[in-house]
Amino acid sequence: MIAEETLLNELRRPETLDKAFEVLVNTYKERLYWHIRRIVLNHDDSDDVLQNTFIKVYKNINGFKGESQLYSWMYRIATNESLTFLKKKSNKMGISDAELQDRMVSNLQADVYFDGDEIQIKLQEAIARLPEKQKLVFNMKYFQEMKYEEISGILHTSVGGLKASYHLAVKKLEAFLKED
Amino acid sequence: MKKTNNKKDFKVPEGYFEGFTDKLMERVSTSNADQQNLMLPKSDGFKVPDAYFEGLHSKIQAKLEGEETKVIPLNPWHKHLYYAAASVAIVVLLTIAIQFNQSPELTFESLANADIEDYFEQTDLGFSTYEIAEVIPIDDLEVSDILEYQFKDENIIDYLDDDIDNIEELNLLDND
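Quick mapping for you: the protein sequence lines, in order, are chains A and B.
Using UniProt numbering, the letters of the first sequence correspond one by one to residues 1 to 180.
Using UniProt numbering, the letters of the second sequence correspond one by one to residues 1 to 176.
Hints were generated in silico from the structure; no laboratory data involved.
Be aware that a few hints might be false.
Simulated restraints on C-beta separations [stated by the list, open to error]:
| id | chain 1 | residue 1 | chain 2 | residue 2 | range |
| --- | --- | --- | --- | --- | --- |
| 1 | B | Lys42 | A | Lys163 | 13 to 21 Å |
| 2 | A | Ser68 | B | Ile96 | 52 to 60 Å |
| 3 | B | Lys47 | A | Lys88 | 19 to 27 Å |
| 4 | A | Gln69 | B | Ile96 | 53 to 61 Å |
Glycine included, C-beta positions come from ideal geometry on N, C-alpha and C.
Let the sequences and hints guide you as you build the complete structure.
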């Protein structure tokens with residue numbers, strides 16, 4: 001895998017931009033896709049948000065000051081794009097954020113790109129009820145198996161705070177799954 | 001610290017210490033796994049269409065090129081439409097403003113009593129009882145202006161007879 005610094009330099013030079021951008025997309029597309037997918041749940045919406053994320057990265061690469069790692073910056077863009085997408089969707093439908101989350105989970109059963117069983121649907125129901133920060137931390141830690149230090153760089157939260165959020169999220173999810 | 005049991009009071013199964021570390025580590029890892037979300041499924045059931053990721057870069061590149069080649073004409077027809085709409089809006093607003101200015105001036109008499117009462121009920125004027133009393137001419141006031149119910153004289157006298165212990169309290173001085 002190409003070193004981040006080299007990639008960044010190539011992305012900033014017009015003559016190497018397109019080639020470097022292709023490398024960037026191919027390197028991060030799957031990781032960013034799954035990050036987005038676990039927030040917006042539906043494949044088509046994830047595809048839209050992922051494309052918009054990369055387009056923003058392409059257009060703003062010269063504004064990236066290198067204060068954080070490139071992948072942290074892209075994850076932040078992906079997170080913001082996903083949350084903004086959901087906000088716009090709930091406003092358009094005239095429903096609350098919580099109601100939208102409920103509908104998204106209900107739609108999973110008819111989604112051709114979801115083959116989860118009963119317990120996996122119940123887990124999504126439980127995740128949908130978590131506060132936004134806990135939801136993000138749980139998905140990044142549990143499903144994407146990211147290190148707390150990496151999550152900290154993306155969400156700008158201390159490692160201690162992330163551990164507390166994750167612990168609380170797991171307790172809530174287990175309690176929800178034990179209910180029935 | 002003694003490392004061996006020299007007196008050999010007790011015995012252990014043969015090879016016990018050789019396998020101890022492995023057994024312990026196995027138990028630790030099992031215990032960790034138990035602690036770490038045994039209740040929660042490890043996969044989430046999401047799938048993607050076949051070959052979705054293979055075509056992703058081309059889709060993004062096409063979208064980017066589409067945005068770059070989008071040309072904005074220098075003199076678009078809708079620009080003139082905006083100017084025309086703005087002019088019409090200004091004329092309409094001016095007409096309304098002129099008509100509004102020509103309407104008869106509002107006077108105190110033109111206000112409905114209900115509006116005035118409503119204003120006093122809804123607005124906290126911050127006047128004390130004494131300040132209000134100073135501006136209301138007491139000679140023009142009747143008891144009926146203040147009281148909601150009408151009392152007969154005999155009712156008032158009965159009340160004073162029965163309920164006021166010290167009638168002198170009612171003889172207020174001017175400065176009370």
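Do the hints match the structure? See the list:
1. Lys42/B with Lys163/A: 13 to 21 Å: Holds - the Cβ-Cβ distance for Lys42/B and Lys163/A, about 20 Å, lies within 13 to 21 Å.
2. Ser68/A with Ile96/B: 52 to 60 Å: At roughly 55 Å between Cβ atoms, Ile96/B and Ser68/A fall inside 52 to 60 Å, so the hint holds.
3. Lys47/B with Lys88/A: 19 to 27 Å: Distance hint for Lys47/B, Lys88/A holds at roughly 25 Å.
4. Gln69/A with Ile96/B: 53 to 61 Å: 59 Å, holds
This entry satisfies every hint, going by the numbered hints stated previously.
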